[in-house]
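Kindly generate the complete structure, drawing on both the sequences and the hints.
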Amino acid sequence: MSPLRVPLLTILVRMALCQYYDYEPYIGSGPSAPNCDPECECPINFPSAMYCDDRNLKRVPIVPSGIMYLYLQNNQIEEIKAGVFDNVTTGLRWLVLDHNQITNAKVAKGTIDKLTGLEKLFFSYNNLTEPVIPPSKHLDELKIMNNKLSKFPSGLLTDKENLTAINLQYNQLTSDAIAGAFKGPKKLLSLDVSHNKLKKLPAGVPSSLEILYADYNDIDSIGAGYLNKLPALQYLRMSHNKLVDGGIPSGAFNVSSLVELDLSFNKLQSIPEINEQLEQLYLQANEINKIDLASFCKITGPLNYSRLKHLRLDANNVTHSNMPHDSANCLRQASDIMFE
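Under mature numbering (1 follows the signal peptide of the UniProt record, and there is no 0), the letters of the sequence shown match residues -18 to -1, 1 to 322, in that order.
Hints in this document: simulated from the structure, not taken from any laboratory.
Among the hints, a few may not be true.
Claimed, not checked - With a cut-off of at most 30 Å between alpha-carbon atoms, the simulated DSS-like pairs for lysine-lysine come out as follows:
id	residue 1	residue 2
1	K179	K169
2	K102	K165
3	K119	K133
4	K182	K211
5	K133	K179
6	K102	K182
Stated by the list, open to error - Restraint-style ranges between C-beta atoms, simulated for each label pair:
id	residue 1	residue 2	range
7	Q154	K272	35 to 43 Å
8	S232	E61	48 to 56 Å
9	P20	K133	35 to 43 Å
10	V226	S136	28 to 36 Å
Just so it is clear, CB atoms sit at the ideal spot from N, CA and C, and this is done for glycine as well.
Listed below in structure tokens is the structure:
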């Protein structure tokens, strides 16, 4: 979506879209504002943005007043010195620091901890060992992927009632490290803790959650009633874990809100009980050796049947011949059942 050398109207439209949807590099087509750092670009026709991405910067430049969107990704920044955000403590909305070399020790006091208006903080692909969280109550998106996070102290998100999305995948977080970390955001919709070291699903997540991704961890069980505390949850992914039949209590996944459930690449020997409303079920690469229709339908009738549309059973110990003869009545909407 980067503005190119195209008519002014097109540039303005694309800049507006960039402002809200992505942060790809800006390719300048005009002069910068006079108060802009010489190593960056502050387009006169987009005065609230400052583009400092892909410039081999070692430092965060001083940000002039009026800047709301600051793009610093793809540099060699190692530290954030005090005072660089003094002109925009209340006005900065977006801060993009992805793909740099920043450590916690090099984030000075009086920088991010002064940003009271920040809405989006993107801090992925750095060297943080614990989160750096602004005091802003307006924060709605937090991405700290591909760092070295080993702890996430409880209380950091206590007042973040507008936070809707958290991405923490590819870190070194354990279940103990995130205990109580997500109790604050009452509007949280999406949480991704994939590619960490969790032994169980995160505790204390708000009931508003709709998406929970916990792929590539060390989870071997799910707590009884865990999903009953998440009445809005629609998408749950737990692939590439260590789930076994004994770690899944009866009815653990039998909740009506779920639309997609991914349990692939685990150690299950049977199909867990699901709700009739589930539409996507991924069970490939387990050790399943039987197919019991009771897992899908407790009762089969004109109005009682599974809404399952896609079912993957490939790379297990079952074939199409293991399907019960009356499966068509229960799985009448399953247009895609994979065995190989």
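Consistency of the hints with the structure:
1. K179 x K169: OK: K179 and K169 at ~26 Å, within 30 Å.
2. K102 x K165: OK: K102 and K165 at ~19 Å, within 30 Å.
3. K119 x K133: Holds, because 22 Å separates the two Cα atoms, which is no more than 30 Å.
4. K182 x K211: Roughly 15 Å separates the two Cα atoms, so the pair holds.
5. K133 x K179: holds (11 Å)
6. K102 x K182: holds (28 Å)
7. Q154 x K272: 35 to 43 Å: holds (38 Å)
8. S232 x E61: 48 to 56 Å: holds (53 Å)
9. P20 x K133: 35 to 43 Å: This hint holds: roughly 39 Å between Cβ atoms.
10. V226 x S136: 28 to 36 Å: holds (30 Å)
In terms of the numbered hints stated before, the structure departs from none.
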